[in-house]
Every structure is written in structure tokens, then in C-alpha cells.
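Use the sequences and the hints to build the structure in full.
Taken in sequence, the protein lines are chains A and B.
So for the first sequence, full-length UniProt numbering puts the first residue at 1; every next one is plus one.
So for the second sequence, full-length UniProt numbering puts the first residue at 1; every next one is plus one.
Don't take each hint at face value.
Said to hold, decoys possible - Partial list, derived from the structure: chain A residues whose beta carbon lies under 7 angstroms from chain B:
1. E159
2. S163
3. Q166
4. L190
5. E273
6. G281
7. G481
8. D543
9. M559
10. P560
In short, the hints are calculated from the structure, not lab data.
Here the structure is a predicted model, which is why all the values come from computation and not from measurement.
The C-beta atom is built at its ideal place from N, Cα and C for all residues, glycine as well.
Each chain, written out:
Protein chains: 2
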Amino acid sequence: MASASSTFSLSQILLPRSIPNQNTSTSSSARISFISSLKNSHSTGTAITTKRLGSRPTITVKATAVDTIEKADTSLVEKSVNTIRFLAIDAVEKANSGHPGLPMGCAPMGHILYDEVMRYNPKNPYWFNRDRFVLSAGHGCMLQYALLHLAGYDSVKDEDLKSFRQWGSRTPGHPENFETPGIEVTTGPLGQGIANAVGLALAEKHLAARYNKPDIEIVDHYTYVILGDGCQMEGISNEACSLAGHWGLGKLIAFYDDNHISIDGDTNIAFTESVDTRFEGLGWHVIWVKNGNTGYDEIRAAIKEAKAVKDKPTLIKVTTTIGYGSPNKANSYSVHGSALGAKEVDATRRNLGWPYEPFHVPEEVKSHWSRHVPEGAALEAEWNTKFAEYKKKYKEEAAELNSISTGELPAGWEKALPTYTPESAADATRNLSQQCLNALANVLPGLIGGSADLASSNMTLLKSFGDFQKDTPEERNVRFGVREHGMGAICNGIALHSPGLFPYCATFFVFTDYMRAAIRISALCEAGVIYVMTHDSIGLGEDGPTHQPIEHLASFRAMPNILMLRPADGNETAGAYKVAILNRKRPSILALSRQKLPQLPGTSIEGVEKGGYTISDNSSGNKPDVILIGTGSELEIAAKAGDELRKEGKTVRVVSFVSWELFDEQSDAYKESILPAAVTARVSIEAGSTFGWGKIIGSEGKAIGIDQFGASAPAGRIYKEFGITVEAVIEAAKALF
Amino acid sequence: MASASSTFSLSQILLPRSIPNQNTSTSSSARISFISSLKNSHSTGTAITTKRLGSRPTITVKATAVDTIEKADTSLVEKSVNTIRFLAIDAVEKANSGHPGLPMGCAPMGHILYDEVMRYNPKNPYWFNRDRFVLSAGHGCMLQYALLHLAGYDSVKDEDLKSFRQWGSRTPGHPENFETPGIEVTTGPLGQGIANAVGLALAEKHLAARYNKPDIEIVDHYTYVILGDGCQMEGISNEACSLAGHWGLGKLIAFYDDNHISIDGDTNIAFTESVDTRFEGLGWHVIWVKNGNTGYDEIRAAIKEAKAVKDKPTLIKVTTTIGYGSPNKANSYSVHGSALGAKEVDATRRNLGWPYEPFHVPEEVKSHWSRHVPEGAALEAEWNTKFAEYKKKYKEEAAELNSISTGELPAGWEKALPTYTPESAADATRNLSQQCLNALANVLPGLIGGSADLASSNMTLLKSFGDFQKDTPEERNVRFGVREHGMGAICNGIALHSPGLFPYCATFFVFTDYMRAAIRISALCEAGVIYVMTHDSIGLGEDGPTHQPIEHLASFRAMPNILMLRPADGNETAGAYKVAILNRKRPSILALSRQKLPQLPGTSIEGVEKGGYTISDNSSGNKPDVILIGTGSELEIAAKAGDELRKEGKTVRVVSFVSWELFDEQSDAYKESILPAAVTARVSIEAGSTFGWGKIIGSEGKAIGIDQFGASAPAGRIYKEFGITVEAVIEAAKALF
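Here's what the structure looks like:
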């Protein structure tokens, strides 16, 4: 820490001056704190505290000392800020592709966050108690790459900046957590990042409430976000921010880059709402920094004020100029998403007084930032010491927290999963799912989740726990309200907070359409979210075609890195959960029935792990007359048809095809043992689109399914009218003999 | 009109008393108008006007007269309201399925809207100038079915009420415009309806601005919505309502059924934001009716006030009791989505003093509502007369408006589509799309649309027109901002406003994930929206995997009633637009390239109309050595590979597979002429998931595609690294010879 303490005198100082709090006024506009003219506040003589220690000041410096420091400081800060700007400009220019505008405008807040405010360890980007930063406006990723580079992360070296947006580089066109250590989540699709951040802040609040002790605060970090006008317009951000306000996530601090420019031009053409008023309505504390381009002290003061508000998340609206510093392109959409061009880069260099070569980091900036490596190591070491003490005092909690922070599964956890025999009661797989969830919640401390206002239909309540709410954040049932998209993205944030958090979320399967963008990000960013999707077919009955999924199974089978599981009964539901828990780097979707299903002979957890397997067969020599393939609620139909055909003397294999992806991963020999090439008489049955089944059943086979929208009627009637019946399977099979 | 005028003395009366307008206050809460205690206002002696004529009063009645009338009136109104409640209760009870809670709480506002406020013709539900009503909280559909029944719509007869939620009935579990004339849009998936309503109101404002004349107001209707807590929580509603505020849609009046109950219980568990404040932020006028259960006058006054505010949409927050009247279930989630049960139905009958049999409509209620059939006919006749006059005076405008209101295409419109030869310049299909859009805008007066803040990337600007904005509503470029989901649902509303409106909307293809729920509703509700989806593959390059569609083509090919078109060049883009315009009852998605593509020999508009067709072939007897199949940007690769293989002496057919759905609809003979069963050597190439191609290429064929997420790099490099190359096609073909 010695090398670190010597730098406390530099820019890492926050003024604790009294920010006029106008919250007592009833006027709408007055409820927002304006921070815009604090120029003379240095000389007020107020004691100041170091920033690095957040709300627990330990070092007090006299203002007189600060005045001197601040002068040197400001010039150095400016140099650092311009370094960030030009690293972004130069990288975009070299790639001839990218978004220089946001980094140029947001460099001041970026600098203050990474250099003065955030606590992290560059050499261990996964340190559990680090502050989290999310660039929700992901197109501005060069801002974050520049910051990670200056802070000393190994993931963004000089050569990485120079290979921005190139094949195989660690600096892709949008921030990707799976490519670049130091990046927390994957952003770019607008609005996802702010919702991820709500998930990260939820995770912190939850774990802090469960594991902090009066004498040891073992979980304690902030979540910072930068989001832009685009994020603000997306519905997902309103959903997630409504929840953040409801939950009172006081350690979530979002910077809204209010630059009045989006791709199509001035935001006036499509975005004239009052964001401030909306966020007040959502229960946030709102601060406006009027000069985000050079108002360093205003930004610092806003952060301080935000930290002081502990029961609400804070939106700091920072008015900036997109492309700040570019004499001819600043404040226009042309600087948003294209390289400036050599001429304008030169003009910007002249304008900002930047005589350096491309990618140059001035020595004093390098030296200034160099403290973050030792400081970060010290922060982590300090925390490790604390955790060692915690372990001694709170053995059980420490074991749980260790499991959550490392992702190491408790030994024998899978024994908690229920198993069933054909004699077990028939039940809907949504109910069987609830049995699994409740069993797992007892052995997996990191299992947390809920439904988008359908808990009693999705059957997702954990019976031993209460609701995660503002005043009961230690509980594990999350009430997402009717906000599917926000729910998915929040779960991505929870999953990426700690490898041992297992977020699950639920709605009707058809409403995956509302959250598909978040589900795709789960798959891309390797977030092992468990999607509990009930009412998975026309079997839901009377609610009709708006509520009946048809193409959804196919649409997810086509998506990379996701497991689409459709269990048929209790054993398969348990198997689906086992697979979901074990797959930490890919999300799982469980399609579950509303209607009661029998416990079928032959189903097993092990079978599910192989994706496709035989549940009954009266053939020998791997040569059945016909193979009947079913999934989920239609496996029963396939099994019944098999029984009938066997009565007629046929040899029939009945195969459960619960997960195409897992089957694809099996050996050729295994696949041949289930679907021998020589047996082309194959019939599939599934109450959904037949799209894609051609590959499984081959050119000769017959796929029974539904290639039209559903209908409103009792489920049995719809099955019959749509031909999803035992008779149809028998008829199709007979046509193939 | 004689029979109608005799009823003016009944409940159809609005008091024009001065509603205290508190908008001058700066206080946030005071900005909302509270309407809750108007009991004594009858006796103020203010003149009152008939409601049916909206803001154009023609009949004035003395208050003294009204006092008498109102007494009779209120009891009749109550009877009518209870009729609505019990029709809903009885239908749900008979079906033993459905949602009685909302109709019971919203019956008063429903009654006032359909009986006192709205202008419609029950015998012609498609009358152009009717007021539109949208039940965004679609689960409460029995409310609307009861209202349509009372109003005299032929679509909801007594037997339809009794077959609620049964196979083949016209009263499905959620409102479906394609099943039930009188239903404007398809709702159920929450938030869609309010966004549809924004589209309906946009259409009205746009057409009014274009076609109304100082002497003849030919377009003039309101759009009314009822939405609930669920709709309010969904991000889509915030997106659409932000736009409605931005556009100043003064004739959009939304009733927010504020009943504090959602499926999981009290909204306090997940929804504690201030909706009022949020809507103020969105630029709406907000009114609060505190007693929605019996406060008829308050509801009437709120509507009057809403109509007086002409430059803003109005949200009328109506506090109601879900399941009002049920002594044991009101105000609880148990009344939301299940039948009350025989015992509670009896208790409710006793409680509300309802001695009638199930489904009974008392004679006086029947008689009261009976005027709507003649009145509606008169309203339409009056409008027809006006339109006849308009036609005489404004021939050209009348022809355009006629085309818009009937959907009749102008003769020869398709000649406007551009055609290309192989010598035409290479170009991105997104640019070619813009040529088509601009050509069509000149011949199709109903073409209107835009992009979700990517107009300059999606190439969707109509060059001869300005922006549709609050003060320029006659223009045809719509600026949706970054609100894909709202955009899609708004376009559904526009499409369903008039058969001759052709809404198009645009974003990057990958972001269909954000709007998938709206696109599915387009397909289900037969709204011929044109989705202009550019940057349709890894060909977009550096933006990387968050922006590169992979599974999207497959995911839409699996969706019923939608056309997924991926044109390869200029002729195919023109063909795709021809198909899209001609398919008024199913939406079209055009997947378009960011990158330049050559104009290929052999492509044609006619070919596109068949979905799949041969662009080149050197074989004879329908027996090529191999068939190479490509779509979009990969058709060029297939064509080049074909050329190479032919140089080596092979006979090769190159097929463009631009739309799987259209190909599926061709005759077997045609299909055999393109993909002869005997030729199993087939290679497909498409820069997307291979999922589903098995059906086209058969068990022997080879599908070249991408079954993983993309990458950030220049496009050429990604194509090479992912093996989407001429060489790969040649190699695959050779393996099949």
C-alpha cells in the first residue's frame, strides 16, 4: 500500500462540500439536483476525504493543501481525459470502423470513475468484491478499452487497442465479457446493459443482506453504468429501472450521457420526453450535471451525492457533447458511428492541443495510472484478510459465500433432485419443476429467481423463502412484475455477478418473444440463466393463439449456445434441472406443460443428459420397424402409439428427444444406437412447428406437428382438431411400413 | 335519425361543467386533474350538450330538465353496467375459464364509452370513420364481447356469448380482430394494445392532416384504450406512449384500469412507481378518476376534459376494484383469471341485486341500447354524404383516400418497381430497397413508415416527403427512435386502421429479437406490415456477434403466416416488395444486406413470386449433377461456384431460394421442376443457421451455414473464417458427385 498512499494527494479526491439538496421542494423540476457551477468551492475550507474509500473516509486533507493539488491535478486529469479520447479516436481511425463520439464525450466521467472512484484489481478482473461497471451504450466500447488499458488490465494491451475490431482481437466492436476480462457483461443491443446493471446491483444487495455481519462487511460494492439516449428509449430500460426503483437499489449509480444526438440526428425528432420526470416517477434520485465535458468537480460532487442517497438508485444526467473536441463533427450524428477521417483527426489534435502520435500515452498519464495495479492488489488482499477472518467466525456462511463466489457446487447437490416411478402421480411438468426448484434451493445457496407476474402459474415460488424486496433483500423469491425483457436481462446480470449464482426466471413460453433479445445475450455472453417456460403448447387451451407457442421450440433450437429442453415427466424435469445447473456457460430453457402428464416408464435423468434416448423398445439388433420420437407432453402420445403398434406385432422403438443440442453432442456410435441410419421409418410428434424435424426423421420420415397458429378452446379439443393424437402417429407409422 | 333523437334525453349526456384545471401549478402531483366529487354539479344550471356529437354540440338542454332525466338515467346505467358484469361472469362461468375481474371493474367505463361516447356502426364494423376502441388488457375480452353484443354487432350474438372460449366460436379467449368483426386489433400479450392504439391514432392524425379540408372534415375519430397494470409494466407501452406524447396525439384517450391487483397479488410487490409522474414525463395529459366503480359522472367529465386537450394524448387513471360486486373475491387476484364458481356467482347476484338467469339482458337495457343500430347507420350515412360531396370537390384526394380506405391498389402500381440488368451497378440490397420504397411511395398513397433510429443505415427515407411530426402530421417519414417493439406494434395499428395503409418499419435484422412479439402479432392478426431488416448477416462485419443475425432466418421461417424474404439483388428486392404489397393479410420481412452485391443474371421479380427458382442451369432433362441453392448475399457465391463447376464439365443448376413459404405454396410439378426428387446432390449456402435446411437438401445434401455466433472483424475476413466461400461450395459439391 505504500506506493498507493503516495498518490492520494492527486486527483483521487472528492469534495464533501454540501450539495444543495432541493428535494424538499414539491416542484417537479426542483426535485432534481442541479450541479453546474461549483468553480469556487475549492476555497470553502471544507475538509475533504479520499474517494477510494467511498463512504468510509479515513484520510482528511485540509482544503489549503487541496487547492495546490487540484491545480496540478486538473491539468493531469485533462491530459488523462484527452488520452482516453485519442486512444478511442486512433483505434477507430485505424480500424476505419467504430464509434468515436461517445468516448470523446464521456471521457471525463470515464476517467473519474476508473481513476478516482471505482475499486477494482486490474490483475484479477474477477475479484469478487470489485465495483462493477457497465457500458450500456456498448457502441462506445473504445471508452472502456482505453480505461482498462490505462488501469493496467492485461486484456487490453497496446496491441489490443491497435487491433480494435479485427479478427481474433480482444477488443471487439462491442464489449463482450467472454472476450475481454474486465468487461462485466455483453452490451451493444441497447438497453441490455442498464438492465444487466440492475441485476448486478440486485446481486450485491442480496448477498450483502445475507452475508454481511455487524462486525464484518464482506459484500460491499457499487454498480456503475453509462447509458445513452438509445438505452433510454428502449422499453427494457424502463422495465428494469422501474424495478431498481421499487427495490431501492441505492448502490446503483447510472450516468445518462445526455448528448442530444442519436443516429438519425437530434433527439428532438423522436425523443422529447422528460427523462428526469420519468425517473422520478420510477423512484430514482435524479441529478443533473450540466457540463459533462469539462465539469470534473461537478461529476465528482454528483457521485458523492448519489452515494449519500442509500435507499434509491441514482440517475446522473450528464449533459455532454458527442465527439467533444472535434471542431467540425462534434455535436452531430456524423461522429457517432464512423471514423473521423484523417483530416478531422488532425483538426481535433490541434483543437485539443494533442501533439502526440496515434496511440501514445503520455508518460505522466501512464505514471499517474500506474498506481492502480498495486492499489488493486492491496484492495483484494485487504478483502482476502477480511474474508479469512469471516471464515473463522462464520463458517457456514463463508462456505456458502465461497460456493457463490467460485461457482463450486456443494458435494452431492444432485442427490436433492426428486425421482419418480411410473406409479408416481401424474402431474404437470410445471408442478414437477416447482418440486425441483424447491429441492435445489435447499442445496444451492445461489439459486434465486422468480416470475414475470405468473408465479402461481409458472409454479416458481420457493416455499422456504420470502420475497426479495427493498426491506427484505436477503430473500430469494424475486417478483419481476410483467416485465419479461427486463427480467431476462436482470438475470444475465445476476448470473455474471458470481459464478455460483443460479438465476431462474419464468413466464409463459410464448412470451419468450418479449425477452428474446435478453435470452440471446444469455447465450452469447455465457450466462447460465435458467428459463422456466410453462404453458408450452396448445395444451394451455382456452387462452388461445396469442398465448400458444408454435414456432418457439424451433426458434431456440436454431439459436447457438443454448439448451432447449422439453421434459416429458418428473424424471425428465429433474434431468433438465441437472443439466441446467451443470451448464454454467450456456443458458437453459425448460419448456413445461400446463396440463397433467403421466410418469412414463423408461424416462431418466441420465437419459436427459444425452438429449435423446430410448424409453422403450421391443426390437432386437438395432432394427425396429419404426422409431417414434416425441418430446415433452407428446412423448406420452408416442409411447401409447408404440404400445398399440406392438399389439399389432410391430417392433417399435420410442425415443424421447428432450434436447436436440445435447443429442448432437453425443458420439456417432451413441447416435447410431438411437437413430440407426438403416431405419428410415421414423415418426416424430410434437405440438409445435415441424420446422427442423426434417434433419431428425430424414427424407422418408413423417413429422406430426402444428404449422399454423393455435386456437381458443379446451386443450383436449384442440389436440384432436390439430391431429396431435395417438391415431395420427399410428397412421403415419403404418404408411411407412 | 328520428328514433335516435328520442333517446338523447337519456344517459348519453355529458356535463360541460368547468373541470378545475390545475395544470398551472408547478407541483408534480397537482398537475394531475382529480375528478372525484362532482355530486352536486347537476344543479349548477350549466347548459349541457349531447355526448354523441363530441366537441360539436348541437343540442342544449336546461339543467333542470337534466336533473329529472339523470335520476332515471342512473338507474338504467347501473342496470346496463350490471348487465355487462353478469354477461362476463356468466360466460366465464359457463366456459369455466376466463377473466371475470376486469369486466366487473371496468364495466362503468365500458358502458360510457360504447353507449355514450363512441361513434360506430354496429352493422358495418369496418366503417372508415368509426371511433376505434382497443382493449389492451385483452384478457378482459368478455367486457368487449358484452359491449359488442349490447350494441348490436352481428359478430357477438347470444350463442356466441354462450360459446365463449370454445372451438370455432367467435368469442375466443382474447380479442382477435380476425375472428370477431368489431374487434380492431389482437390483444392479450400485454402492452401490444396500447401500442396498436398509438398506431391507430397516428393513422387518424396523418390522414386527417392530408385529407381534411377547411370546409369538409372527412377524417375525424378518436381512439380509446383500456389498459391495465400489466400493460403499464411492459416496456413496449412506455416506448409507444413516449412516441404518442412526442407526436401530440390528442385524439388518443387511454383509460388506465388502476385496480392494484395483478396475477401475483397486490401490485405493491412489484409495481410501486408513480405512473402519473411517468406519463407527465412522457408528455401526456393525466387525469385521475378516483371512483371508477360507480363514478359515472366523473368518468364522463374526464372524457370531456381529455377531448378538450387537443395537443396531448390523455391518460385517465381510473381507480377500480377488480371483480367489483363479488363479496368474497373482489379486490383479490383470485378474481383475475378464473371463474368465480357457482357459490360466488350467486353471492355476487345477491350483492348486486341481480335476480336474472345467466346471460339475461333486461328488456329496458336491450331497448336502451337498441338505438345504436339506427344511430350507427345514420352516422355512416351522414359520413357517406359528406364523402360524396368531398369527391366532387376534391377528386384527386378522394381517389387517394378511397384507395387507402378500401385497400384497392391503384392500377399499374407495380410498374413503378425498378428492374435491373446484370450490367446495372452492384449495390447493397438495403440501397436497392430504398429505391423500391421511394418508387412505391409515389404510386401508393398509403405507404408510410420509417426506422428505429437507423434510417440512414436501413435506407428507409422517402425522399419526396418530410417527417411525420406533431406539427407536420401530413408527412410520411416516421421517426420511431430506438423503440423496435413499440415500432412494430404501432405499425400493426396503422395496418389495421385501413386496408390501404402500408406501414413499413426498419432496424437491423438481429433486432427483430426486440420486436418479435409484435411481429408475431402481425402474423396472427393478418396485418401486412413490411419489415425492412438490413444488416442481415455476418456481412455487417465489425459490429460483431451482438449485431450479427444467425438463427433469425430460421426463426421466422418457423413462424406461421409470415413471409421471410431474402433477396439477392435489385430484381429480387423489387420482387420482394411486390410480394409484400400484394400480401395484405400477412406481414413480410425483407432481410437485406449491408454490403454491395452484384446484379445477377437470371434473377427476376417473377422468380421471387415463386419463392424458389432457377437462375442458371446447364443441364438437360431436369437432371443436373448438382443443385446449388443460395439466398440473399450468398446467391452470388452459389452462382460463382456453379460457374467453376461448369468449367470442370459438370451440369449445375443454381437456385435462388428467396422465400421458403412462397415455394411451399407452388404446385408439386413446379417444385419437382426446381428440386427434382431424383437429384439428391444438393448444396445450400446461407450465412446463417443451417437449422431447417435438412428439409430442402434432403438426407444426402450438404448445408453450408453458420451454427455459432459471429465475430467482430471486417466482413470479408469473417466470411472466410466461417467458410462461407465459393471454395466451400465447390468442395461440398464434389463430395456429392
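Verification of the hints:
1. E159: violated, 16 angstroms
2. S163: Where the cut-off is 7 angstroms and the nearest Cβ of chain B is about 10 angstroms from A:S163, the hint is violated.
3. Q166: holds, 6 angstroms
4. L190: This hint holds: A:L190 lies near chain B, its Cβ roughly 6 angstroms from the closest one there, short of 7 angstroms.
5. E273: It holds, given that the least Cβ distance between A:E273 and chain B is near 5 angstroms, below 7 angstroms.
6. G281: Holds: closest Cβ of chain B sits about 3 angstroms from A:G281, inside 7 angstroms.
7. G481: At 3 angstroms from the nearest chain B Cβ, A:G481 passes the 7 angstroms test, so the hint holds.
8. D543: holds, 5 angstroms
9. M559: holds, 4 angstroms
10. P560: holds, 5 angstroms
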